[in-house]
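Asker: As you go down the protein sequences, you meet chains A and B in turn.
The opening residue of the first sequence carries number 1 in this note's numbering; numbering runs sequentially from there.
The opening residue of the second sequence carries number 350 in this note's numbering; numbering runs sequentially from there.
Keep in mind the hints are simulated off the structure, nothing from the lab.
Remember, predicted model here, so these are calculated numbers, not experimental data.
Mixed in with the good hints, there may be bad ones.
Going by beta-carbon spacing under 7 Å, a handful of chain B positions derived as facing chain A [unchecked claim]:
| id | residue |
| --- | --- |
| 1 | Leu500 |
| 2 | Met671 |
| 3 | Leu687 |
| 4 | Val688 |
| 5 | Gly690 |
| 6 | Leu699 |
| 7 | Ser700 |
| 8 | Glu701 |
| 9 | Phe707 |
| 10 | Ile708 |
Ideal Cβ placement from N, Cα and C applies to all residues, glycine included.
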Amino acid sequence: MAKTRSSNALLQGAAIVLAVLLTTLVLLAAKAPPFAAYANIVLGAVGSWDVAANVLVSWVPLLLVTAGLLITFTAGLWNIGIEGQITLGAIFTTWMLRGLQASGLDPSLIISMSILAGMAGGALWALLAGALKTFGGVNEIFGGLGLNFVASALNLWLIFGPWKRPGVASMSGTVPFAPSLWLPTLTEQSRLSPSALVIALLAIVLVYLLLKGTYFGLRLKAVGKNPNSAYLLGVPTWQHMMISFALCGIFAGLAGAVQVTSVYHRLIPSISSGYGYLGLMVAMLAGFNAAVAAPVALFFAALNVGSIQLPIVLRQDSSLAGVLQGTLVLFVLLMQGVRERLAGKGLPQ
Amino acid sequence: MQIELRDIRKTFGSVRANAGISLLIPPASIQGILGENGAGKSTLMKILSGFILPDSGDIIMDGSRVVIHSPADAIRRGVGMLHQDPLDFPPLKILDDFILGRRGAVFPDRRKAAREFRQLAAQFDFDLDSEAYVDTLTVGERQQLEILRLLWFGAGVLILDEPTTGISQPQKEKLFATLRKLADQGMTIIFVSHKLEDVELLCSRVAVFRQGELVGSAEPPYETKSLVRMMFSRDLAFTGRTSVPPGGPILSLRGVSLEALRLQIRDVSFEARAGEVIGLAGMEGSGQSVLLSACAGLAQPVSGRVRLGENDVTGLSYHAFMKRGVAYLPAARLEQGLVAGLSLADHFILSEGVGGIFIDRGRAQDLASDRIRTYNIKGAPSHQVESLSGGNQQRMLLALLKESLSLILLEHPTRGLDIESTLYIWSKLRERCAQGAAIVFISADLDEVLQYSDRVLVFFSGRVSPPLPAEGLSVEKLGGLIGGKGWDVLASAAVAHG
Ligand SMILES: Nc1ncnc2c1ncn2[C@@H]1O[C@H](COP(=O)(O)OP(=O)(O)O)[C@@H](O)[C@H]1O
Ligand SMILES: [Mg+2]
Numbered sequence: 001m002a003k004t005r006s007s008n009a010l011l012q013g014a015a016i017v018l019a020v021l022l023t024t025l026v027l028l029a030a031k032a033p034p035f036a037a038y039a040n041i042v043l044g045a046v047g048s049w050d051v052a053a054n055v056l057v058s059w060v061p062l063l064l065v066t067a068g069l070l071i072t073f074t075a076g077l078w079n080i081g082i083e084g085q086i087t088l089g090a091i092f093t094t095w096m097l098r099g100l101q102a103s104g105l106d107p108s109l110i111i112s113m114s115i116l117a118g119m120a121g122g123a124l125w126a127l128l129a130g131a132l133k134t135f136g137g138v139n140e141i142f143g144g145l146g147l148n149f150v151a152s153a154l155n156l157w158l159i160f161g162p163w164k165r166p167g168v169a170s171m172s173g174t175v176p177f178a179p180s181l182w183l184p185t186l187t188e189q190s191r192l193s194p195s196a197l198v199i200a201l202l203a204i205v206l207v208y209l210l211l212k213g214t215y216f217g218l219r220l221k222a223v224g225k226n227p228n229s230a231y232l233l234g235v236p237t238w239q240h241m242m243i244s245f246a247l248c249g250i251f252a253g254l255a256g257a258v259q260v261t262s263v264y265h266r267l268i269p270s271i272s273s274g275y276g277y278l279g280l281m282v283a284m285l286a287g288f289n290a291a292v293a294a295p296v297a298l299f300f301a302a303l304n305v306g307s308i309q310l311p312i313v314l315r316q317d318s319s320l321a322g323v324l325q326g327t328l329v330l331f332v333l334l335m336q337g338v339r340e341r342l343a344g345k346g347l348p349q
Numbered sequence: 350m351q352i353e354l355r356d357i358r359k360t361f362g363s364v365r366a367n368a369g370i371s372l373l374i375p376p377a378s379i380q381g382i383l384g385e386n387g388a389g390k391s392t393l394m395k396i397l398s399g400f401i402l403p404d405s406g407d408i409i410m411d412g413s414r415v416v417i418h419s420p421a422d423a424i425r426r427g428v429g430m431l432h433q434d435p436l437d438f439p440p441l442k443i444l445d446d447f448i449l450g451r452r453g454a455v456f457p458d459r460r461k462a463a464r465e466f467r468q469l470a471a472q473f474d475f476d477l478d479s480e481a482y483v484d485t486l487t488v489g490e491r492q493q494l495e496i497l498r499l500l501w502f503g504a505g506v507l508i509l510d511e512p513t514t515g516i517s518q519p520q521k522e523k524l525f526a527t528l529r530k531l532a533d534q535g536m537t538i539i540f541v542s543h544k545l546e547d548v549e550l551l552c553s554r555v556a557v558f559r560q561g562e563l564v565g566s567a568e569p570p571y572e573t574k575s576l577v578r579m580m581f582s583r584d585l586a587f588t589g590r591t592s593v594p595p596g597g598p599i600l601s602l603r604g605v606s607l608e609a610l611r612l613q614i615r616d617v618s619f620e621a622r623a624g625e626v627i628g629l630a631g632m633e634g635s636g637q638s639v640l641l642s643a644c645a646g647l648a649q650p651v652s653g654r655v656r657l658g659e660n661d662v663t664g665l666s667y668h669a670f671m672k673r674g675v676a677y678l679p680a681a682r683l684e685q686g687l688v689a690g691l692s693l694a695d696h697f698i699l700s701e702g703v704g705g706i707f708i709d710r711g712r713a714q715d716l717a718s719d720r721i722r723t724y725n726i727k728g729a730p731s732h733q734v735e736s737l738s739g740g741n742q743q744r745m746l747l748a749l750l751k752e753s754l755s756l757i758l759l760e761h762p763t764r765g766l767d768i769e770s771t772l773y774i775w776s777k778l779r780e781r782c783a784q785g786a787a788i789v790f791i792s793a794d795l796d797e798v799l800q801y802s803d804r805v806l807v808f809f810s811g812r813v814s815p816p817l818p819a820e821g822l823s824v825e826k827l828g829g830l831i832g833g834k835g836w837d838v839l840a841s842a843a844v845a846h847g
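Please build the complete structure, drawing on both the sequences and the hints.
Answerer: Okay, here's the thing in structure tokens:
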């Protein structure tokens, strides 16, 4: 036991070293000084209170989608459609805000209702993927991918069509909402909303408890590990898959709602910002463990924010963070494969 | 081609699939390989056709020792095999499938291939359209296609593993005619089957396998009785049935017809009464599993009614059956019954289905320890189920059964278990019967069927016998029925009774 644990740590360490090594090679190939680049990322993420706050701003949606994805992963589902679910959440939130902004209702009520609408939107989109799988036999990966395209097309159509800015439609999105309809932020300039941060932290704790301590979580786990056996043990299998889709959609929709109400204050074309795919990587890297997912998500958020300065300072593309994140996940998964091979199971025939 | 096998050995884990097989197969003959499921027939054939390597032993072809590394290697040496489970055919045109795997040019000469295909097909009177798609073919036609392909590749040895399962009678006759013709032309044919009739009809010699060993051989004229004895004979240890007089009907099937992948079951009617044990006997894939699934609501009959007690439950789901006191224990314990990755305690929590939101871990722990003790499982509540041995996994499945059950359906309840576990499991099942449950079980072990059943349903290629009282059955008679012998007597007896 002790031996396997230490060898596990060794393999995980090797994965990180390899990922950094590969990213360094990419940097060298791009004729950039690797050390300066890394230093720049670190500074960009923790160099000042402002950038640190930005890391938290980025952490919120990532944490939310990761929380949702942990539920679908537990049910054995690859909810690739998460991007579309975030987008639908943002669309529904915008729709509710637009509808109520002139109603004279209390702003906090309007914001709450908009966020609820966003959650409903995400859930709806997720249930669509679930229904395609359950009743149409469409693998959730393909269904999700298709729905992602539909969601972003719908989003663009709204921005350039019915919801376009008076005068000229633009990639910069819809008309910003009045500041009274923004989720309150820490300071006036900051985009960090303490309430959003609290919601995200609550979400991950909730999911942790749900998966760890409830009957529902255990049944979900059984469905994910072996739907046949779970069914024979009396677990209503497809119903659990649908519920897990819906729950994940709610969290994704919440992420979309947060982006609209506290970060952009309007609907923009790339409202999901790739947080869905990033969340998939976080969940995998965290070994589908909620407790590990929170710090990993924070690390990924820091990489994202930290690399924003790269184009300005080093004339390097900020996608460097993506390279590092991607290779990290690949190597960690690779090391898991190696470990299983060493343990003598999962050998390819 | 002459093939000689010398002391071939192959083990899978603790299973000795081939325990030193030596066999000489002369050219231009049809060699039958007979044996019940799990006897090791397919394993030997896979070794001969390069799908698996033996642990030890020699293969000698026309006097020279060869090592066959891969199926492609086997084909090169002229050995072609038709598999028991036709490998999944891609949705290709017949001609493309025919050409597939042929060595040589990157761009096959389709016209030449089509011509040769037609000539070959005509030679054996196969009615195959080279432009049709493979997935529209019946099992029998796929087989014909596969034979043509192997011949075209130049096979001199043709291995057929259970080729008569799932094909129609005319197709079977055509197959046999083809094989005889090929043998006359000098080809060596190895015909693997568990069907006595087929082997007796076709083969010029028969080798009988039992539990990984070659236990005997025979040449025509065959004596069915001695073949059956070779296939099944074991030291019999009857402990006598202690059956309680059966009560009211728990499960009743009326005119149930079922359709499965390669099988149709027509018009089955029987009743399982409280306290009764009904055994389903037959070679694997003869229809028992489908029927048992239908008794559980896991397969839906195409016609007929299923009743539980007074209620008609035809068409309801397994979960609806469960609510009415039915439990189904599958043969594949880790694939269908237990969830690998979850602990023993988790399983008890799942199957108890207690209400509330949060799991009461303390109570779950107590429940698990309690059941583990009662069912004598070697494992702790926190252990993962996959760490249990086979016998303990089976005990685990039993331990997961609810307190009050009216019908227990089991697939191979003691397969692969040691004597002690087997006896223990049956003692537990007997307790359930004494409490008024009915049991229906499938077993490939004839002794087990005869020893524990009150009545037996015999299956052969989708045919189902009426319930036969186990007392009037012997291993020979049951073995004959399973191999397709003695059904005419059965039918006339049924007519006489009716
Ligand atoms: N790939 C395998 N892994 C583990 N066990 C196997 C494998 N193939 C066959 N066996 C076991 O070896 C024994 C003989 O199987 P097989 O040769 O298929 O028998 P037959 O064809 O006579 O029914 C059986 O107990 C079977 O479970
Ligand atoms: Mg076989």
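Asker: Checked against the structure, which of the hints given earlier come out wrong?
Answerer: 1, 8
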